[in-house]
Structures are given as structure tokens and as C-alpha cells.
Amino acid sequence: MTDHTLEAQGLTLAYDKRVISEDLSTHVPVGSFTAIIGPNACGKSTLLRAFARLLSPRAGRVVLDGRDIASRGAKELARELGLLPQTSLAPDGIRVADLVARGRFPHQRVFDRWSPDDEAAVLRAMTATDVLDLSGRLVDELSGGQRQRVWVAMALAQETPVLLLDEPTTFLDIAHQIEVLELFRSINLEDGRTLVAVLHDLNQAARYASHIIAMRSGSIVAAGAPADVITPEIVEDVFSVPCRVIDDPESRTPLVIPLVRR
Amino acid sequence: MSLDLGRPVAVWRPRTGASHRVDRRALVVCAVLVSVLLVLGCVSLAVGTYHLSLGEVVAALTGGGDRRAHTLVVEWRLPRLLFAIGCGIALAIAGAVFQSLTRNPLGSPDVIGLDAGSYTGAVVVTLIIGSTRYADIALGSLVGGLLTAALVYVLAYRRGAQGFRLIIVGIAVAAMLASFNSYLLMRVDPQTALIVASWGAGSLASLGYAQLVPFAVALVVLLPLLVLVASPLAQLELGDDAARAHGLRAERVRLGAVLLGVAFSSIVTAAAGPIAFVALVAPQIAHRLLRAPGPSLVTSALTGAVLLTAADVVAQQIAVSTGLVTVTLGGLYFIWLLIREYRRS
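Residue numbers (the working numbering), protein chains in the order written: chain A, 1 to 262; chain B, 263 to 607.
To be clear, the hints were calculated from the coordinates, so they are not data collected in a lab. Mixed in with the good hints there might be a few duds.
As the list claims (entries may be wrong) - Think about it this way: if two alpha-carbon atoms lie no more than 25 Å apart in a straight line, the pair counts; the simulated DMTMM-like pairs of lysine to aspartate or glutamate are:
| id | chain 1 | residue 1 | chain 2 | residue 2 |
| --- | --- | --- | --- | --- |
| 1 | A | LYS75 | B | ASP503 |
| 2 | A | LYS17 | B | ASP285 |
| 3 | A | LYS17 | B | ASP503 |
| 4 | A | LYS17 | B | ASP502 |
| 5 | A | LYS75 | B | ASP502 |
Unchecked claim - Just so you have them, the derived chain B footprint on chain A, three or more residues with Cβ under 8 Å:
| id | stretch |
| --- | --- |
| 6 | 108 to 114 |
| 7 | 119 to 129 |
| 8 | 228 to 234 |
Every residue, glycine too, gets a C-beta built ideally from N, C-alpha and C.
Can you build the whole structure from these sequences, using the hints too?
Right, here's the structure in full:
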């Protein structure tokens with residue numbers, strides 16, 4: 001896949017009258033697995049929504065490959081920029097393969113709805129997420145972890161070079177969290193897709209991401225490699241949690257240990 | 263390697279640049295519905311005050327037979343049958359579109375006040391403007407339906423009009439319009455009130471070719487437009503965020519679908535008066551027959567045609583209006599649906 005740059009330039013983001021971020025600028029390194037971290041309501045999902053063009057900035061712009069995304073056609077953009085929303089709704093009675101196939105929408109035209117390309121992309125996505133065996137099952141009958149893998153497969157079937165993930169591990173138990181994060185890592189490394197994920201768990205972000213953006217009350221406090229961002233000073237500054245940061249013996253990435261309050 | 267979709271599917275790729283998945287179950291269901299419709303159609307043409315044999319009906323349709331049978335079948339009963347089929351199709355599509363939009367089996371145009379609005383339009387034209395001409399009443403009902411849709415849409419709008427709010431607001435608007443309709447009827451002399459009230463009962467009995475032609479033209483114009491909203495509507499059922507991430511302009515699709523749904527339901531009210539419950543019931547029956555997600559417009563349309571034709575045959579037999587039959591049958595379904603939704607939640 002070609003190099004895709006995603007940048008926020010001087011964004012002011014707001015819902016109605018409530019301003020979330022002002023004059024925010026940052027960039028997502030090409031081919032990175034970028035994690036956006038920060039306390040609740042710090043504006044990390046808002047930033048992701050702006051990247052996905054679900055929220056139009058009041059000022060500033062989001063630039064993909066040197067072009068403002070606001071100037072792109074809806075379907076054209078959807079072939080380059082994918083999103084796994086925080087919550088999606090499964091239509092009543094839909095089956096797994098059918099749901100994954102919905103991810104092909106931006107590649108389809110009114111009279112061209114199921115080309116060999118579509119079928120191949122759906123098969124690839126389902127293979128990568130290991131849901132081929134569930135193919136004919138009803139989505140309603142799946143477990144939480146299986147369902148999340150199916151949603152990821154739908155986002156993968158869209159075959160976009162950049163994929164945005166809004167809290168993809170929330171509502172999953174630890175086993176499924178690891179499973180999904182491992183999946184993202186392999187998508188990132190093997191397919192060379194750029195991933196941007198809003199994550200809650202600092203240690204998971206440090207372990208799986210290659211680039212971390214730390215936010216607090218709508219502003220970016222630090223951005224860079226996990227080792228540069230996950231430090232006691234920055235973590236305390238961002239989350240107000242005094243901590244030690246040690247070397248994760250398993251992955252050699254920073255590991256946050258909150259201090260005991262006496 | 264091919265994909266297991268959990269049900270038999272045929273892939274149709276007639277030439278490069280066009281490709282479709284065709285659900286085999288849907289093909290079978292549609293074939294059965296068409297057969298049932300054909301049988302019902304023959305029954306509808308044969309029975310009445312004068313019963314005819316199937317042979318006489320076929321002879322009359324193909325230009326043979328005696329003069330009396332020809333008059334009965336071709337001039338009197340055929341337009342009524344065609345109306346039943348056309349209205350059934352239009353109502354079912356309106357229902358399927360709105361139920362898909364609201365993601366709720368209760369979200370059909372008769373429940374959310376569009377029928378009441380169309381009827382108000384007709385009543386206003388008759389009583390206030392003072393015209394009893396068919397074209398004027400039809401136009402009034404169309405405008406009434408559109409205005410009501412606009413009102414419901416605006417009242418339910420808060421960063422996009424969402425499904426359940428649309429239904430609640432719609433039910434409230436429907437109730438207000440119903441009392442407004444009664445108020446208008448109380449103010450006028452009994453003679454005029456009777457004309458308007460008979461329109462309000464929803465009847466196909468008095469309709470002939472003169473009314474069929476404009477209705478059929480409207481239907482033929484509207485049907486191809488469905489191609490544009492069918493798959494975006496199915497995509498919208500994933501939720502706004504996912505749909506928009508797939509390159510769909512959610513609000514534009516919703517507005518287009520609302521306009522189209524209102525148009526389908528209004529042309530029926532314009533022609534025959536409000537015929538309730540076909541829009542509510544047909545898409546749900548189609549959904550259960552198909553066991554597939556999405557608005558399934560074709561199957562819904564055929565189901566609607568079968569339902570309304572059957573209701574009209576019954577209405578013909580016991581000499582009541584078609585609307586009365588659908589209200590009675592649909593009312594029972596509505597109660598069942600409410601109980602089921604209540605138990606679920």
C-alpha cells in the first residue's frame with residue numbers, strides 16, 4: 001500500500017456550543033499503529049470522529065495525503081479511510097458473512113453489488129479475523145468477542161489503507177482484548193495499514209502501539225514513541241495518577257504501576 | 263473458495279460491470295406470492311353480486327365472452343383489482359421504507375400519522391376550500407401527507423431524526439390530527455360530512471379507470487426511484503456512524519427515503535382514502551417469510567398486493583369498505599405486536 005499521511009491542522013472541535021478542542025494539531029505517522037490515550041472526556045473520541053469526518057471541525061482541517069478530507073467525495077473518502085465505530089447496530093436477522101459484506105459498500109455501484117473483488121475482500125477479511133467458521137451464523141447469536149471480530153472484519157473488508165478504531169476493546173474481557181489487539185498488530189505489520197485507535201488501557205497501548213498521542217482536556221500533552229510518552233511525569237500530568245514506569249519483562253515496553261496511596 | 267452465507271444464494275454476473283447476489287429463498291417466496299396473487303385476482307374478478315366462472319372471466323379478459331361479462335369483469339371489477347394490487351404495493355413499500363428508517367416494526371406511515379395527515383388534507387379541501395372534485399381531493403391528501411411528514415421530522419429532529427423519537431412524535435401528531443379531523447366533520451352539514459367520512463373509510467369500490475390512470479402513472483414514476491434508496495437504507499440500518507464511514511450521506515438518504523415513503527403512502531390515500539395496517543403488516547410478513555435482514559422491498563410489495571387484494575375480496579363479499587377489513591385484521595396484528603414488544607423489553 002502507498003504511504004498515507006493523516007494530519008490534524010489547527011482543529012477546533014465542538015458539539016453545538018460546547019468546545020472540546022481548540023487549535024489542535026498532530027499527525028499520524030505513516031504505517032504506524034497509533035493509540036490515542038487520555039482520561040474520560042478528554043476529547044480523544046472527538047478527535048477520532050474528526051479524523052473520520054463524522055464531525056466537521058469549526059476551524060482547521062484534517063488532511064489525508066495532502067488534501068483536506070472535507071473536499072473529498074463521501075464514497076471516495078470511504079475507500080481510503082475506514083472506521084470501526086464505538087457502537088454499531090446489527091440489522092435484525094443478519095448473518096456474519098452478510099454483515100462483513102456490508103463493508104464493501106463504498107466499492108459498489110447501484111448495478112454492481114457483488115463483484116469477484118467484493119467476494120475476495122470479504123474472504124480475506126474473514127480469514128484475517130478468523131470468523132470464516134461463523135460465516136452462516138446469525139450475528140445476534142455470537143458471543144461478545146466473536147461479534148467484535150465480525151465488526152472488525154467488516155471494517156477490514158472496506159480495504160482502506162487507513163483504519164480508525166474507536167475504543168475497539170471496550171466491553172471485551174481480557175482474553176478478547178488481547179486477541180483483538182494482536183489482530184490489529186498483525187493487520188498493521190502484515191498489511192501495512194495505518195491504524196489509529198482510541199484505547200483505555202495504558203499498558204496495552206504501550207505494548208501494541210508504535211506511536212502514542214496523549215490528551216488531556218482537549219489538548220495534546222505529548223506524542224511520540226511509547227517509551228517517550230509513557231513516563232511517570234506525563235502519566236501523572238495526563239491522568240493525575242502518581243506512578244512508576246518499569247520495563248515490561250514480557251514485551252520490553254513501558255509498564256505503568258500506579259503508586260499505593262498512603 | 264466461495265462464501266457460506268447461511269442460506270442459498272445465487273450470484274448473478276451477466277457481464278462485467280454488473281453483479282448481484284440473489285437470495286434463492288427470496289425467488290421462491292416471490293414466485294409463491296405471485297401465484298397466490300394470480301389466484302386471488304381470478305377470484306376477485308369472478309365473485310360479486312353476479313358470480314362468473316373462471317372460463318367466463320378469462321374469455322372476458324381476452325376480449326371474448328358476452329357483453330354482460332365483459333362489462334362486469336373489464337369495466338367494473340378489473341380497475342378495482344388493479345387498484346388493490348397497486349395500493350397494496352405502494353403501502354407495503356411505504357411501510358418497508360419507514361420501518362427500515364425507524365428500525366422498528368411500529369414505524370409505519372399509518373402509525374406515525376401520515377395517513378391521518380393525508381386525510382386531513384382531503385378534509386380541508388372538501389370542507390374549507392369546498393371542492394369535491396377527485397383531483398383536488400387527491401392533491402390535498404398528497405400535500406397533507408407531506409406537511410405531516412415535515413412536521414413529524416422537524417419535531418423529532420435533534421442532530422438527525424432518530425427512529426424511536428420519530429415514532430413517538432408521529433403517534434402524538436396522528437392523535438392530534440384525528441381529533442382535528444373529527445372537529446372539522448362536526449362543523450359541517452351531515453350531507454358533506456357523509457361524503458368526507460366515506461372517503462375516510464378507505465374504499466376501492468367506487469374507483470374506475472379515470473382514477474386508476476393518474477395513480478398508475480405516479481406508481482410507475484416512483485418505483486424506479488427505489489433503486490436509489492434500497493441499498494443505502496439497508497446500510498443505514500448499521501447505525502449512522504458505520505453508514506457514514508462507508509461513504510453514505512446519512513441525512514440525505516434519510517430525507518430522500520422519507521419523501522419517497524410519504525409519496526407512496528399519499529398516492530394511496532389520495533386515490534382510495536386511508537387504508538390502514540397494510541403498510542404496518544406487509545413488510546413484517548415479508549421479513550418473516552424471507553428470514554433475511556434489510557427492507558426487502560420486492561417481497562414486501564408482493565405481500566402487500568396479496569394482503570390488500572385478499573382484504574378487498576372479503577370486503578366485496580360482506581359489502582363493507584376495504585379499509586374496514588384491513589383495520590379489523592391489522593388491529594389484531596397490532597395488538598399482538600404491542601404485546602410482543604412489551605414482553606421483549
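Do the hints match the structure? See the list:
Restraint check: the Cα-Cα separation between LYS75/A and ASP503/B comes to about 14 Å, which is no more than 25 Å; the hinted pair holds. Among the hinted pairs, LYS17/A with ASP285/B is inconsistent with the structure: their alpha-carbon atoms are about 48 Å apart, more than 25 Å. A distance of roughly 21 Å separates the Cα atoms of LYS17/A and ASP503/B; the hinted pair therefore holds under the 25 Å criterion. The suggested pairing of LYS17/A with ASP502/B holds, with an alpha-carbon distance near 22 Å, which does not exceed 25 Å.
A threshold of 25 Å between alpha carbons decides the hint, and for LYS75/A with ASP502/B the separation of about 15 Å falls inside it, so the pair holds. Counting residues of the stretch 108 to 114 of chain A whose CB lies closer than 8 Å to any CB of chain B gives 6, which reaches the minimum of 3, so the coverage claim holds. Coverage of the stretch 119 to 129 of chain A by chain B holds [criterion: at least 3 residues with CB-CB distance below 8 Å; count 4]. Counting residues of the stretch 228 to 234 of chain A whose CB lies closer than 8 Å to any CB of chain B gives 0, which falls below the minimum of 3, so the coverage claim is violated.
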